[in-house]
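Colleague: Make a model of the complete structure from these sequences and hints.
Those protein sequences? They're chains A and B, same order as listed. Heads up, the first sequence is in the numbering used here, so the first residue is 4 and it goes up one at a time. Heads up, the second sequence is in the numbering used here, so the first residue is 303 and it goes up one at a time.
Hints listed in this document are in silico derivations from the structure and should not be mistaken for laboratory results. It is possible that part of the hints are untrue.
Unchecked claim - Estimated spans, in silico, between C-beta atoms of each pair:
#, chain 1, residue 1, chain 2, residue 2, range
1, B, A390, A, E300, 45 to 53 Å
2, A, R341, B, F512, 53 to 61 Å
3, B, E634, A, E300, 50 to 58 Å
4, A, G291, B, T630, 55 to 63 Å
Note that CB positions come from ideal geometry on N, CA and C, so glycine has one too.
Each chain is listed here by its residues.
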Amino acid sequence: MSQASLDQQALAVSGQGAAFLPDFRESTLGTMGIELELMVLDRLTYDLFPAAPDILALLDRHDKPWVHTPEITTSMLEVATSILTSYDEAAEQLEHIRATVQRAAFEVGASISGGGAHPFQKWAEQRIYPKERYFASERKFGYLAKLFTVFGMHVHIGAGSPDEAMRLCSWLTQRAPLFIALSANSPCWQGEVSGFCSSRSNVVGAFPMSGILPYEIRTWNDFRAHFDQLAQYGIVNSIKDFYWDVRPKPEYGTIELRVLDTPLKPVYAAALACYARELCLEFADQAGRWPSSASRELYTWNRFNAARDGVEGSWIDPETGVAMPILDAVHADLARLRKRSRDPGFGKACAVIEQLMKDGGQARWLRAHLEAGGGMNDLARMASELFDSPDLA
Amino acid sequence: MNDELSTPLLLLSPLALLGAGLMLALVLGFTLQRFQVPKLYGAVIAGLLLGASGAGLIDRPLLTQFQELLNGAAALVLFDVGRKMDLAWLLRSGRQGKSLLLATLTRGAAATLVLAAFGLPWGAAIFIGSILIAVNPVILASMVADENASGTSTFATANMVGISNLVALLALGVTLAWTRSHGADAAGTFGAELIRQGGKLLLGALFAVFSYGAYALATRLCKIPATMRPGVLLAALLIDLGLCSVTASSALLSLLLMGVLLRNAEKRDNVFQAQLATAQDIGYMLLFLMSAAVVDIHELMQGWVVLSALAVFAARILATRLALWPATAWSERKKHAMALSMCSLVSFGGLVVDNTLNAYTGLDQHSTMLMSALLSLNVLLAPGLTWLGLRLAGETYRGGSQ
Numbered sequence: 004m005s006q007a008s009l010d011q012q013a014l015a016v017s018g019q020g021a022a023f024l025p026d027f028r029e030s031t032l033g034t035m036g037i038e039l040e041l042m043v044l045d046r047l048t049y050d051l052f053p054a055a056p057d058i059l060a061l062l063d064r065h066d067k068p069w070v071h072t073p074e075i076t077t078s079m080l081e082v083a084t085s086i087l088t089s090y091d092e093a094a095e096q097l098e099h100i101r102a103t104v105q106r107a108a109f110e111v112g113a114s115i116s117g118g119g120a121h122p123f124q125k126w127a128e129q130r131i132y133p134k135e136r137y138f139a140s141e142r143k144f145g146y147l148a149k150l151f152t153v154f155g156m157h158v159h160i161g162a163g164s165p166d167e168a169m170r171l172c173s174w175l176t177q178r179a180p181l182f183i184a185l186s187a188n189s190p191c192w193q194g195e196v197s198g199f200c201s202s203r204s205n206v207v208g209a210f211p212m213s214g215i216l217p218y219e220i221r222t223w224n225d226f227r228a229h230f231d232q233l234a235q236y237g238i239v240n241s242i243k244d245f246y247w248d249v250r251p252k253p254e255y256g257t258i259e260l261r262v263l264d265t266p267l268k269p270v271y272a273a274a275l276a277c278y279a280r281e282l283c284l285e286f287a288d289q290a291g292r293w294p295s296s297a298s299r300e301l302y303t304w305n306r307f308n309a310a311r312d313g314v315e316g317s318w319i320d321p322e323t324g325v326a327m328p329i330l331d332a333v334h335a336d337l338a339r340l341r342k343r344s345r346d347p348g349f350g351k352a353c354a355v356i357e358q359l360m361k362d363g364g365q366a367r368w369l370r371a372h373l374e375a376g377g378g379m380n381d382l383a384r385m386a387s388e389l390f391d392s393p394d395l396a
Numbered sequence: 303m304n305d306e307l308s309t310p311l312l313l314l315s316p317l318a319l320l321g322a323g324l325m326l327a328l329v330l331g332f333t334l335q336r337f338q339v340p341k342l343y344g345a346v347i348a349g350l351l352l353g354a355s356g357a358g359l360i361d362r363p364l365l366t367q368f369q370e371l372l373n374g375a376a377a378l379v380l381f382d383v384g385r386k387m388d389l390a391w392l393l394r395s396g397r398q399g400k401s402l403l404l405a406t407l408t409r410g411a412a413a414t415l416v417l418a419a420f421g422l423p424w425g426a427a428i429f430i431g432s433i434l435i436a437v438n439p440v441i442l443a444s445m446v447a448d449e450n451a452s453g454t455s456t457f458a459t460a461n462m463v464g465i466s467n468l469v470a471l472l473a474l475g476v477t478l479a480w481t482r483s484h485g486a487d488a489a490g491t492f493g494a495e496l497i498r499q500g501g502k503l504l505l506g507a508l509f510a511v512f513s514y515g516a517y518a519l520a521t522r523l524c525k526i527p528a529t530m531r532p533g534v535l536l537a538a539l540l541i542d543l544g545l546c547s548v549t550a551s552s553a554l555l556s557l558l559l560m561g562v563l564l565r566n567a568e569k570r571d572n573v574f575q576a577q578l579a580t581a582q583d584i585g586y587m588l589l590f591l592m593s594a595a596v597v598d599i600h601e602l603m604q605g606w607v608v609l610s611a612l613a614v615f616a617a618r619i620l621a622t623r624l625a626l627w628p629a630t631a632w633s634e635r636k637k638h639a640m641a642l643s644m645c646s647l648v649s650f651g652g653l654v655v656d657n658t659l660n661a662y663t664g665l666d667q668h669s670t671m672l673m674s675a676l677l678s679l680n681v682l683l684a685p686g687l688t689w690l691g692l693r694l695a696g697e698t699y700r701g702g703s704q
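Modeller: Spelled out as structure tokens, the structure:
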């Protein structure tokens, strides 16, 4: 992207410039990048702790291949890997991120944790990050801005060309609920057991531009026309205004899977990202083929089930209409993908996911601690200690 | 009804008088808050109006009636201080933990040097200097709660309060022994007095370990869920306070250590740690009483006294700021803020719970006047400077939109 485009994009994102959608950048199919939104915690109470600005300032001093950025409130921070090509590379860089961020946080007296939603934080107590873009979000969305103190993992996958990006978006959207189930680890919300394995998933739905890519959009030009129309209405100003579960990211030349709770362990993040990447490579090999189902209701139902029941939920395959346990759907995917994957580490990624499913998912692990008499603070502490310990499984 | 009483009943009851004073303090505090003035100054002004500087309704003789209550409150404040000490962070954060310890020591040293420069005998300067190591937990905790301050410098400051009070308690044990063995009313040798003071501290520490052990045993034997533990903790604290009271051991060190043990040895107790707000809850009352009984505006009228007290204040702030210089985790602005936030000081009575309330009687008149002026300035100035520090750090929050 040229500097002029970058400037235009920045102004559009902050709401200070005209609506702008950059051209879709060509990229290498199947490369990937991982973004993690992390919790910053108080070391005494394990409540959210507004120390992200101090941690980010310390991270500025590090020379590293990955990047760190603020998020909407001061108890959140985001890290993003460089462009990755394999499971081993992803696991290694995520471990570097984990260790570096954990050390920086400790220096200022904070803890870091994964997880999709903090178990007992109060949204009203959160503080908007002191940056114009976030203040603009607060003006636009009101209390939803603070309510959005939830922590997700986004996976970017190189799409090759702009039109192919739209096709891959459409395919990956169908399977997005499986990723909600596999990553679900936010069983508590605002101090209560929510009855959902992923409470975070329900928060995104409050935003007007949440949802999925409309089925009728088949090319990048279709998408551009859609963007222009919404921009004309004043609904969107940049690609960041689309809170879709899977969306194109033109400046990177990627599609972005946005439904995952930030995993409690970075190794889960590496494994799940590789699973998404292998699915996209498989879709890419089926040139010109589009999903046959256009049912938003079916998608919403699958999404709801996955968020509520996690890996113990069921999923209706949009292509066949057959309902099946999520476990079976994922097992089948992994068995198929393992055979065709060219990533020598993908077998390890599959093993991590299989173990995760065998354990009943991260949400079950957290619920078991609550059922054993642990309190919400204790739950947050244990999640943070899990993040503290190195894991290169 | 007793028709013969010409004095209002309120004035006959010390408890009712305290209650009325606290109500006035709150009314003034909330009114001041509307004008962006820290609420804590309501307690200060109410104290000035009703205390030694004003109507003289609340003074030291009246407060001695509540000595046990006040001692318990002071000990609970120290428990809260200990609970906020994060030993793992202090020991492993490198330059950060070390700079806080350095700041603690340099603050005491700087105060001692300034006091000596203003003509105090070395013995008295060192004695007062050892008291001035400590940062006042009541002022800081109350201001943090009032301003809803939270962030990295607030965290570091809370740890600094813990270290400073711990170091001050230990240092005062030595300087008190020296002062008592060399003062006008000297009763024994330094060695004997040191053993006596050290024994009080040691016994306090042992009671802390014992009481914590009782707490840990009780919660584990009955497998009490975390949410039900506050009651057991209260019982353990009462045991600790009671044992310290009957043996004249250091209740402050004991409760401080109880807090440290609870924070650092227990992990599953966070559920109620989040709900405890001991210091904030009683801080307002204690500041009101400090203002009423300690501040004597007339004493502050003497130029040299005010000048020396202000110099000590400035030296402590400067020494703290210099000692924070090697730390790498905080911005310059936050370091300035922390030095300001840690300007408050404690009285002798804030470190040694006994019947002397706030003053130690073994000092010469010159030193006593200066200490008294320092305490008055502490009540008048420290809340404001602490408030300024918290604001400067950018860690206060009023809720709603920015």
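Colleague: Each hint needs a verdict: does it hold in this structure or not?
Modeller: Results for each hint:
1. B:A390 x A:E300: 45 to 53 Å: The hint (45 to 53 Å, Cβ to Cβ) holds, given that B:A390 and A:E300 are roughly 51 Å apart.
2. A:R341 x B:F512: 53 to 61 Å: holds (60 Å)
3. B:E634 x A:E300: 50 to 58 Å: holds (57 Å)
4. A:G291 x B:T630: 55 to 63 Å: holds (57 Å)
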